[in-house]
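4 protein chains.
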Amino acid sequence: MIILIQCSDRVGLVAAISGLLSKKGINIVSMREYVDVEANCFFNRVVCEQYHDPQILISELSSILPEDARVNINTEPQKKIIVLVTKEYHCLSDILVRNHFKTLGAGVQAVIGNHAVLKDICDRFGIPFYLVSHENKSREDFELQLQTAINKHSYDYIVLAKFMRILSPAFVESFPMHIVNIHHSFLPAFVGASPYRQAYKRGVKIIGATAHFVTNQLDEGPIIEQQVIQVDHTYTAADMMRAGKEIEKAVLAKALKLIVEDRVFVYNNKTIVFS
Amino acid sequence: MIILIQCSDRVGLVAAISGLLSKKGINIVSMREYVDVEANCFFNRVVCEQYHDPQILISELSSILPEDARVNINTEPQKKIIVLVTKEYHCLSDILVRNHFKTLGAGVQAVIGNHAVLKDICDRFGIPFYLVSHENKSREDFELQLQTAINKHSYDYIVLAKFMRILSPAFVESFPMHIVNIHHSFLPAFVGASPYRQAYKRGVKIIGATAHFVTNQLDEGPIIEQQVIQVDHTYTAADMMRAGKEIEKAVLAKALKLIVEDRVFVYNNKTIVFS
Amino acid sequence: MIILIQCSDRVGLVAAISGLLSKKGINIVSMREYVDVEANCFFNRVVCEQYHDPQILISELSSILPEDARVNINTEPQKKIIVLVTKEYHCLSDILVRNHFKTLGAGVQAVIGNHAVLKDICDRFGIPFYLVSHENKSREDFELQLQTAINKHSYDYIVLAKFMRILSPAFVESFPMHIVNIHHSFLPAFVGASPYRQAYKRGVKIIGATAHFVTNQLDEGPIIEQQVIQVDHTYTAADMMRAGKEIEKAVLAKALKLIVEDRVFVYNNKTIVFS
Amino acid sequence: MIILIQCSDRVGLVAAISGLLSKKGINIVSMREYVDVEANCFFNRVVCEQYHDPQILISELSSILPEDARVNINTEPQKKIIVLVTKEYHCLSDILVRNHFKTLGAGVQAVIGNHAVLKDICDRFGIPFYLVSHENKSREDFELQLQTAINKHSYDYIVLAKFMRILSPAFVESFPMHIVNIHHSFLPAFVGASPYRQAYKRGVKIIGATAHFVTNQLDEGPIIEQQVIQVDHTYTAADMMRAGKEIEKAVLAKALKLIVEDRVFVYNNKTIVFS
Numbered sequence: 003m004i005i006l007i008q009c010s011d012r013v014g015l016v017a018a019i020s021g022l023l024s025k026k027g028i029n030i031v032s033m034r035e036y037v038d039v040e041a042n043c044f045f046n047r048v049v050c051e052q053y054h055d056p057q058i059l060i061s062e063l064s065s066i067l068p069e070d071a072r073v074n075i076n077t078e079p080q081k082k083i084i085v086l087v088t089k090e091y092h093c094l095s096d097i098l099v100r101n102h103f104k105t106l107g108a109g110v111q112a113v114i115g116n117h118a119v120l121k122d123i124c125d126r127f128g129i130p131f132y133l134v135s136h137e138n139k140s141r142e143d144f145e146l147q148l149q150t151a152i153n154k155h156s157y158d159y160i161v162l163a164k165f166m167r168i169l170s171p172a173f174v175e176s177f178p179m180h181i182v183n184i185h186h187s188f189l190p191a192f193v194g195a196s197p198y199r200q201a202y203k204r205g206v207k208i209i210g211a212t213a214h215f216v217t218n219q220l221d222e223g224p225i226i227e228q229q230v231i232q233v234d235h236t237y238t239a240a241d242m243m244r245a246g247k248e249i250e251k252a253v254l255a256k257a258l259k260l261i262v263e264d265r266v267f268v269y270n271n272k273t274i275v276f277s
Numbered sequence: 003m004i005i006l007i008q009c010s011d012r013v014g015l016v017a018a019i020s021g022l023l024s025k026k027g028i029n030i031v032s033m034r035e036y037v038d039v040e041a042n043c044f045f046n047r048v049v050c051e052q053y054h055d056p057q058i059l060i061s062e063l064s065s066i067l068p069e070d071a072r073v074n075i076n077t078e079p080q081k082k083i084i085v086l087v088t089k090e091y092h093c094l095s096d097i098l099v100r101n102h103f104k105t106l107g108a109g110v111q112a113v114i115g116n117h118a119v120l121k122d123i124c125d126r127f128g129i130p131f132y133l134v135s136h137e138n139k140s141r142e143d144f145e146l147q148l149q150t151a152i153n154k155h156s157y158d159y160i161v162l163a164k165f166m167r168i169l170s171p172a173f174v175e176s177f178p179m180h181i182v183n184i185h186h187s188f189l190p191a192f193v194g195a196s197p198y199r200q201a202y203k204r205g206v207k208i209i210g211a212t213a214h215f216v217t218n219q220l221d222e223g224p225i226i227e228q229q230v231i232q233v234d235h236t237y238t239a240a241d242m243m244r245a246g247k248e249i250e251k252a253v254l255a256k257a258l259k260l261i262v263e264d265r266v267f268v269y270n271n272k273t274i275v276f277s
Numbered sequence: 003m004i005i006l007i008q009c010s011d012r013v014g015l016v017a018a019i020s021g022l023l024s025k026k027g028i029n030i031v032s033m034r035e036y037v038d039v040e041a042n043c044f045f046n047r048v049v050c051e052q053y054h055d056p057q058i059l060i061s062e063l064s065s066i067l068p069e070d071a072r073v074n075i076n077t078e079p080q081k082k083i084i085v086l087v088t089k090e091y092h093c094l095s096d097i098l099v100r101n102h103f104k105t106l107g108a109g110v111q112a113v114i115g116n117h118a119v120l121k122d123i124c125d126r127f128g129i130p131f132y133l134v135s136h137e138n139k140s141r142e143d144f145e146l147q148l149q150t151a152i153n154k155h156s157y158d159y160i161v162l163a164k165f166m167r168i169l170s171p172a173f174v175e176s177f178p179m180h181i182v183n184i185h186h187s188f189l190p191a192f193v194g195a196s197p198y199r200q201a202y203k204r205g206v207k208i209i210g211a212t213a214h215f216v217t218n219q220l221d222e223g224p225i226i227e228q229q230v231i232q233v234d235h236t237y238t239a240a241d242m243m244r245a246g247k248e249i250e251k252a253v254l255a256k257a258l259k260l261i262v263e264d265r266v267f268v269y270n271n272k273t274i275v276f277s
Numbered sequence: 003m004i005i006l007i008q009c010s011d012r013v014g015l016v017a018a019i020s021g022l023l024s025k026k027g028i029n030i031v032s033m034r035e036y037v038d039v040e041a042n043c044f045f046n047r048v049v050c051e052q053y054h055d056p057q058i059l060i061s062e063l064s065s066i067l068p069e070d071a072r073v074n075i076n077t078e079p080q081k082k083i084i085v086l087v088t089k090e091y092h093c094l095s096d097i098l099v100r101n102h103f104k105t106l107g108a109g110v111q112a113v114i115g116n117h118a119v120l121k122d123i124c125d126r127f128g129i130p131f132y133l134v135s136h137e138n139k140s141r142e143d144f145e146l147q148l149q150t151a152i153n154k155h156s157y158d159y160i161v162l163a164k165f166m167r168i169l170s171p172a173f174v175e176s177f178p179m180h181i182v183n184i185h186h187s188f189l190p191a192f193v194g195a196s197p198y199r200q201a202y203k204r205g206v207k208i209i210g211a212t213a214h215f216v217t218n219q220l221d222e223g224p225i226i227e228q229q230v231i232q233v234d235h236t237y238t239a240a241d242m243m244r245a246g247k248e249i250e251k252a253v254l255a256k257a258l259k260l261i262v263e264d265r266v267f268v269y270n271n272k273t274i275v276f277s
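Protein chains in written order, with this note's numbering: chain L, 3 to 277; chain Y, 3 to 277; chain E, 3 to 277; chain B, 3 to 277.
Calculated directly from the structure, the hints in this document are not laboratory data. Hints may be right or wrong, so weigh each one.
Pairs count within a copy or across copies, as identical chains cannot be separated in the list.
[To be verified] Result set (SDA-like, lysine to any residue): computed pairs, CA atoms no more than 25 Å apart in a straight line:
#  : residue 1 : residue 2
1  : K89       : N76
2  : K104      : T217
3  : K121      : V268
4  : K259      : Y159
5  : K25       : R126
6  : K89       : H235
7  : K247      : E40
8  : K272      : T236
9  : K89       : H102
10 : K247      : H92
11 : K82       : R265
12 : K82       : G27
13 : K203      : P190
Looking at chain L on its own, in the form it has when it is part of the complex (with noise of 0.2 Å):
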């Protein structure tokens, strides 16, 4: 069982919450918490044993701690995602392996495409995989068949793996620090499009990958994952590109363990992360 909590710090807040749960009789396996001084905010991440009443214990712990706290418990063996892909396969498929051998840490409900090129890398690994064209349409039409696909499906949160379609506002706000993309730059270098051809003329001796969760701030959302490797000149861009896609791979599927682990909290457009 996870406790996630954060509220105002004060003097105080780890001795009332280890001492609840030592009340109790639950063991705590582990405990992490970090407190933001400049923010005055308190975040706190503690494994335990699973306890009958999760609902009771999240009153007791509302009770000792400041009024802004925000406490949840999740007891669930593993989270749900849905996955959104265009064309390019690297991540998709790293996902659906890791997936079909237990991996994971979640389990892949569905990938929607706005192309029909993975539907056969889904097929293969028995994943239902809906096409959702954004050609000839208006993109409310679009996202209203995007989120009729997604509610075919339970879900906590929605994952793009290259999906090349900026999401309006409203679809955002709908899944607020619900949906994760992996932008292919070390941000903020080059936010926006084509950022391997923008790294090529800069000629960058270090490219990266970026996993972060969507806002409405184009690639301005929290940043959850970082890695990178070095180039050199001898690389053009579609050779920085090859190279990027290995990092993205890597970066998306670790941002999505910490994730689906409930080890990251999000506060002022910042990420704490219990790695």
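Given chain L, work out where chains Y, E and B should sit, using these hints.
Same frame as chain L, but now just chains Y, E and B:
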């Protein structure tokens, strides 16, 4: 003020410790704990406000902890170190520069060399240098003279900054877990002499450096910090040595910072590092 | 077309080679050379336009080079590989996905496992899988059956993608420098069995993986590629294994790319890699 | 002796160059070439034995190369540099230590600061220090005085080792591609002032440093070297700055080494680095 606690694990330790501090009105700035489940061992580092009587606090903490608890409280502003060297300048110079600009986190009391070449750089920074040659004398005599030079100063740690002599068991045992060495390889690869030559012959694609506490097993002491860099077939053994020195000084500086900030526990010949 | 030349070094080799190609009107796309000064050995990789008669070109090149010259010309579009596995899926799946989407740079002809668990994933990608169990048979018999399965296909390289059996000297010698292994440690640290367990016990702060050619010295063959990641005291041996698998598949993929693009020379039990 | 050639590409350049050197009996120690296919530009760096008349050799090489060829021959043992600083010691000290022990690959002629605090460390190493304050004077006057101080010495490169003033276009244009700057971010992320503060606010998980040639586009000059390190949510802006300084000095040292060894070509606002 920094409190370090190490004891066998049991339910409620964090609650007990933070409860006691809270009751005494000592504000906790940050708290890190780790449980080695396999060894049933609990490690705790608390940064908190100064308390007027640390001895009383140690007693009170000990009284609520398991019997095997070791409680240390560090109220001193900074640690003192003595540096042992041979001929290579890169690690020593890096330490002297940081010391000079007061960013080492420790104070260099003296430098002892078994060759004279590094006296000049010590003079330039106004740091006492002692020449203790190993030539034409037994190891016992050599170490006796080392000891005499060391004893002219007070110190918390002895730092071997490319000191190329192997110390006797008797000497090492006089300073258990208080001698820090920088080894010029990614241990446990290339234990012993000429690691760069060994690395070159083996054709490795990565080389590294390791900072560790000295024990009587050559290059087998608890590892504090390791870093690596990529090399390739164009590197001669001399090139590897040159590249490696950049890492050596970075690793030693990082390890010293961790140690003098009381961030390192040693247990079962391994370190717990609250970085 | 790729020309690979290896010979003892002397003045004017590059001029001679590029002069001959220029005279024959063969445009050089790129050229890489390296001289191992200590060993007086010259290595050259030329990417150039196709030439209608490679055999003639080999003769002409040989006639202007030192007597010990080995000249190879590769005109084939892609290499063929056979993959040997045991139970772990991560390296094999990564290879199968790349193979499926035609970005491996090689073609997977077949997979042979000494356990049956990975047959399913091969079936999903339409790749032949042969079960050759090692149980209840001598190593000679086991390897004879391996050989029989291998011989059903043509191939350039045999890839040990977490194949957990040690091959006999006779078997290895049948394919000199054509068997590639992924070892789950940063060699030469932790040679042999259970490297993650060894790494955990030693308390290292970095773990890695090594792709190398197989020779009859266990884990001592020429190293092709190595990568590492940071770990800390919170990693159990199982955590290290999990983290290490991410590196293993990346290292093996990178090594395979280098090999199938003819970028790797072997000399003195080391590799020259024109990456 | 090092020969640097840059010209438009055509078939047979390597053959022509190495043929000429071979004919003149000049032994080539190593040769690196690169063709930017998109720009049709050829870059060549040859390390060879000294030749008694470099001017003749330049003429002869030029006569066999395309008309736009720029041929440089460097026979001097080491470059001279002048270092500009403000208040931060870490990059300057690193340069002074390497200079003192003759491993910089260049000779520091003088240090110029717009504050006086770094005079002391220069004195300790016997390096001339000039105070040129920017206070109470126009940028023209300030740069005139800078120029006067610079002109007291001969030099090949001007190194901005955390010099916190922006130089005028006129000043920069006097030294095209001969002013090297260390920028305290992973460019192009966080151009301009306070990059660590920007990085902190953006919540990045990696920070870096960039060494580049100075042009009249702020922080937009050709990138020579970049390195990064991981950070996390526990880093304050001050922690990021501290960690970043370790990278800054390493990146600047690496870039200087590449430059003074004539390993860097500049083309289309990018660098070709034969590392």
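Tested hints:
1. K89 <-> N76: neither (34 Å within a copy, 32 Å between copies)
2. K104 <-> T217: neither (30 Å within a copy, 35 Å between copies)
3. K121 <-> V268: Cα proximity of K121 and V268: none, with 33 Å in one copy and 42 Å across.
4. K259 <-> Y159: Intra 12 Å, inter 34 Å, cutoff 25 Å: intra-copy only.
5. K25 <-> R126: Classified as neither: same-chain Cα gap 51 Å, cross-chain 52 Å, threshold 25 Å.
6. K89 <-> H235: neither (28 Å within a copy, 34 Å between copies)
7. K247 <-> E40: For K247 and E40, only the inter-copy Cα distance (23 Å) is at most 25 Å; the intra-copy one is 37 Å.
8. K272 <-> T236: Between copies only: 11 Å across chains, 35 Å inside a chain, cut-off 25 Å.
9. K89 <-> H102: both (21 Å within a copy, 15 Å between copies)
10. K247 <-> H92: Both: 7 Å inside a copy, 17 Å across copies.
11. K82 <-> R265: within (16 Å within a copy, 39 Å between copies)
12. K82 <-> G27: neither (31 Å within a copy, 45 Å between copies)
13. K203 <-> P190: For K203 and P190, both the intra-copy (16 Å) and inter-copy (11 Å) Cα distances are at most 25 Å.
Hint compliance for this structure: hints 1, 2, 3, 5, 6, 12 are broken, all remaining hints hold.
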